[in-house]
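Engineer: Based on the provided sequences and hints, a complete structural model is requested.
In terms of this note's numbering, the sequence shown is residues 443 to 843.
Think of the hints as simulated: they come from the structure by calculation, not from any bench.
Beta carbons are placed, not taken as given, at the ideal position from N, Cα and C, and that holds for glycine.
Take these hints with a grain of salt, some might be off.
[Claimed, not checked] Okay, the calculated beta carbon distance ranges per label pair:
id, residue 1, residue 2, range
1, Glu804, Ile482, 49 to 57 Å
2, Gly544, Pro462, 24 to 32 Å
3, Ala621, Ser732, 16 to 24 Å
4, Gly663, Ser802, 31 to 39 Å
5, Lys782, His553, 34 to 42 Å
6, Ser732, Asn559, 43 to 51 Å
7, Thr477, Glu587, 14 to 22 Å
8, Ala517, Arg592, 53 to 61 Å
9, Glu587, Tyr503, 25 to 33 Å
10, Tyr503, Ser475, 40 to 48 Å
11, Lys817, Pro837, 32 to 40 Å
12, Lys782, Lys817, 18 to 26 Å
13, Gln541, Ile482, 24 to 32 Å
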Amino acid sequence: MGICDAVAVAKILNATLVIPHLEVNPVWQDSSSFTEIFDIDHFINVLKDDIFITKELPSKYSWSTREYYATGIRATRIKTAPLHASAIWYLENVLPVLQSYGIAALAPFSHRLAFDNLPAYIQRLRCKVNFEALVFVPHIKALGEALVNRIRYPPIESGAGGTEYLQDRTNEINHKQGAGKFVVLHLRFDKDMAAHSACDFGGGKAEKMALAKYRQVIWQGRVLKSQFTDEELRNQGRCPLTPEEIGLLLAALGFSNTTRLYLASHKVYGGEARISTLRKLFPLMEDKKSLASAEELAKVEGKASLLAAVDYYVSMHSDIFISASPGNMHNALVGHRAYKNLKTIRPNMALLGQLFLNKSIEWSEFQQAVLNGHKSRQGQIRFRKEKSIYTYPIPDCMCQA
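Structural biologist: Here is the structure:
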């Protein structure tokens, strides 16, 4: 989202944009660059009539490096941009720097542009960047497309005596019958999510202490949610759904053991044992590693951003998308799928938190409560209030004035 905002700010300032540098996430430790993830030539070409973009700084500004800004206070670095700053703020605080020095470095630059009270052409430009200019590099798209095809047209096991002819006939029949539908489950249930949520996941005192220690190391006590009890957090819908809980939600919504499910996730907290119940409920569940060979995954293995990009691509080509918890990828996909008129199920986290706290609830009662609570949460268009244009692209991105 910061990339889209950077383009918008460059337009506001009538400035040339240098391809953004991506910060290394302290948890994922992935140093993948913008050009390793996104098709840079496509990005520049789509936006060529809107702003000037350069891949590298001109030689006269070669001194403007991360190392230069890290070693002292520099007049050309602006690090005071407030969250959701207005266009006027940039004109008053950044434009003078540009006019004086010819260059301005904005860092940090996360959520540094407002969503409201901006000209319509700036809003439309943000939409254009997010939904049209940003596409993945060819090898990510190719791998993603291969995974989509394999889950839509699964091969029939031929056994030890099978032949290539049988496999070819199976594929031929699958394609004639049409593509099989599948659901993408974005399971954001890794250690940092579990720790940051400050919720209790049933692992007892040892787990609570381990997550509290991890939370302190990574965020140094800046997790405000840790002051609330687990029950308070769940009643507020602020706890991510566990693999078991999201499995029960899907079952209550009518998905069955014949549903083709693609698991979009990185490292599940608790490992394979944690998703065993989910796998029993949905035995046709697949993921990157089950659908692709080690050779195919070689270019993305160990790189969290590239792995997430593959999952994003598959998610954009699924029939239904559901996420176990809010977050950056969830928000981006909800908006992108709305823009493409694709179905997304948005879990009612507060309702589910309360239902899962009730340990004596019967299945029929649980299922009815889930169905009633999700009638209006299955992809219906929602107009944006004072929230992200990227998550809620209506009306800015999709309506004519």
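Engineer: Next step is simple, just say for each hint if it's right about the structure.
Structural biologist: The hints, checked one at a time:
1. Glu804 <-> Ile482: 49 to 57 Å: holds (55 Å)
2. Gly544 <-> Pro462: 24 to 32 Å: violated (19 Å)
3. Ala621 <-> Ser732: 16 to 24 Å: Check passed, 19 Å falls within 16 to 24 Å.
4. Gly663 <-> Ser802: 31 to 39 Å: Holds, since Gly663 and Ser802 (Cβ atoms, about 37 Å apart) stay within the stated range.
5. Lys782 <-> His553: 34 to 42 Å: This hint is violated: roughly 24 Å between Cβ atoms.
6. Ser732 <-> Asn559: 43 to 51 Å: Hint holds: Cβ distance 48 Å, inside 43 to 51 Å.
7. Thr477 <-> Glu587: 14 to 22 Å: Since Thr477 and Glu587 have Cβ atoms about 21 Å apart, the given range 14 to 22 Å holds.
8. Ala517 <-> Arg592: 53 to 61 Å: Cβ of Ala517 to Cβ of Arg592: about 54 Å, so the range 53 to 61 Å holds.
9. Glu587 <-> Tyr503: 25 to 33 Å: violated (39 Å)
10. Tyr503 <-> Ser475: 40 to 48 Å: Given about 19 Å between the Cβ atoms, the range is violated.
11. Lys817 <-> Pro837: 32 to 40 Å: Since the Cβ atoms of Lys817 and Pro837 sit about 24 Å apart, the hinted range of 32 to 40 Å is violated.
12. Lys782 <-> Lys817: 18 to 26 Å: The hinted range 18 to 26 Å holds for Lys782 and Lys817, with Cβ atoms some 23 Å apart.
13. Gln541 <-> Ile482: 24 to 32 Å: holds (28 Å)
Violated hints, listed in ascending order, are 2, 5, 9, 10, 11; each of the other numbered hints is respected by the structure.
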